[in-house]
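Chemist: Each chain, letter by letter, is given below.
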Amino acid sequence: MRSGSSIGVALLGFGRMGETHLRNLNGLARVKVVVVADPRREAAERGKAISGAEEALTDVEMAIVHPAVDAVVIVTPTDTHARLLELAAHAGKAVFSEKPIALDLAETARLVNVIDTTFAPKSPARWGRS
Amino acid sequence: MGKVVVEAPQKTPLLFAKDFGSSFDHFENFPDRFEAAYRLELESFFTALLEGRQPSPGPQDALETLRLALAAAKSRQESRPVQISEIRA
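If you read the sequences in order, they're chains E and R.
Start counting the first sequence at 413; every next residue gets the next number (my numbering).
Start counting the second sequence at 1330; every next residue gets the next number (my numbering).
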């Protein structure tokens, strides 16, 4: 369960960089990793064990729409960034993504527009009370 | 015009010398070399969220850095200076 005013996080992708980010997330106050998702079951489970997350999922898209997730950290292969970022934006989740958003300028510009029109920072008091 | 250089210095001041040669330890990979940066970028992002601010860098910065990277690649391919303004969607 999340504590009163922490941000619930889904880590998407548990490769080398995913592990680096997960260990850093563990050290942040008021940030709680609730889901670790990776198509490889054993990777997701290992991430769950390291972070104390509530769930390990092989369905990355399910992790994005998980009700306890406020923000997603995208550390998946590059060609999946755009799709996951768009899903997260439409789901109203805050997104921290590895670069690049997409491989060409047109797709990147389109996604930047999607994010700009869907994301608005919550007031500080709102975290953990969604 | 100009250039950006990221040096990869040895990891610690230790240097071992033997038989007219020397060796030193080095960073193994990006997470090792940029450990502090990776830690601080996440801290900055979540601090912004918790304080109700837009995180920085944001989406527009991603677009501009891609534009820079594409300009650099085009410059290398065509062996000429490339203006950033040439790079359009």
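These aren't lab readings, by the way, just hints derived from the structure by calculation.
Misleading hints may appear alongside valid ones.
[As the list claims (entries may be wrong)] In silico SDA-like links for lysine to any residue, alpha-carbon gap of 20 Å or less:
{"id": "1", "chain 1": "R", "residue 1": "1403", "chain 2": "E", "residue 2": "432"}
{"id": "2", "chain 1": "E", "residue 1": "534", "chain 2": "R", "residue 2": "1360"}
{"id": "3", "chain 1": "R", "residue 1": "1340", "chain 2": "E", "residue 2": "432"}
{"id": "4", "chain 1": "E", "residue 1": "511", "chain 2": "R", "residue 2": "1383"}
{"id": "5", "chain 1": "E", "residue 1": "511", "chain 2": "E", "residue 2": "526"}
{"id": "6", "chain 1": "E", "residue 1": "534", "chain 2": "R", "residue 2": "1413"}
{"id": "7", "chain 1": "E", "residue 1": "534", "chain 2": "R", "residue 2": "1392"}
{"id": "8", "chain 1": "R", "residue 1": "1332", "chain 2": "R", "residue 2": "1376"}
{"id": "9", "chain 1": "E", "residue 1": "511", "chain 2": "R", "residue 2": "1343"}
{"id": "10", "chain 1": "E", "residue 1": "511", "chain 2": "R", "residue 2": "1359"}
{"id": "11", "chain 1": "E", "residue 1": "511", "chain 2": "R", "residue 2": "1340"}
Chemist: Against each hint, give a clear statement of whether it holds in the structure.
Modeler: We went through each hint and held it up to the structure:
Distance check on the hinted pair: residue 1403(R) and residue 432(E) sit about 32 Å apart at the alpha-carbon level, beyond 20 Å; violated. Proximity of residue 534(E) to residue 1360(R) is assessed by CA-CA distance (about 31 Å); at most 20 Å being required, the pair is judged violated. About 18 Å separates the Cα atoms of residue 1340(R) and residue 432(E), which keeps this hinted pair within 20 Å; it holds. A threshold of 20 Å between alpha carbons decides the hint, and for residue 511(E) with residue 1383(R) the separation of about 18 Å falls inside it, so the pair holds.
About 17 Å separates the Cα atoms of residue 511(E) and residue 526(E), which keeps this hinted pair within 20 Å; it holds. For the proposed pair residue 534(E) and residue 1413(R), the alpha carbon gap of about 35 Å is over 20 Å, so the pair is violated. Distance check on the hinted pair: residue 534(E) and residue 1392(R) sit about 24 Å apart at the alpha-carbon level, beyond 20 Å; violated. A C-alpha spacing of about 32 Å is found between residue 1332(R) and residue 1376(R), which places the hinted pair above 20 Å, so the restraint is violated.
Distance hint between residue 511(E) and residue 1343(R) is unfulfilled; the C-alpha atoms sit about 34 Å from each other, more than 20 Å. Between residue 511(E) and residue 1359(R) the alpha-carbon distance is near 14 Å, which keeps this suggested pair within the 20 Å criterion. Using a Cα cut-off of 20 Å, the hinted pair residue 511(E) and residue 1340(R) is violated, with the two alpha carbons roughly 26 Å apart.
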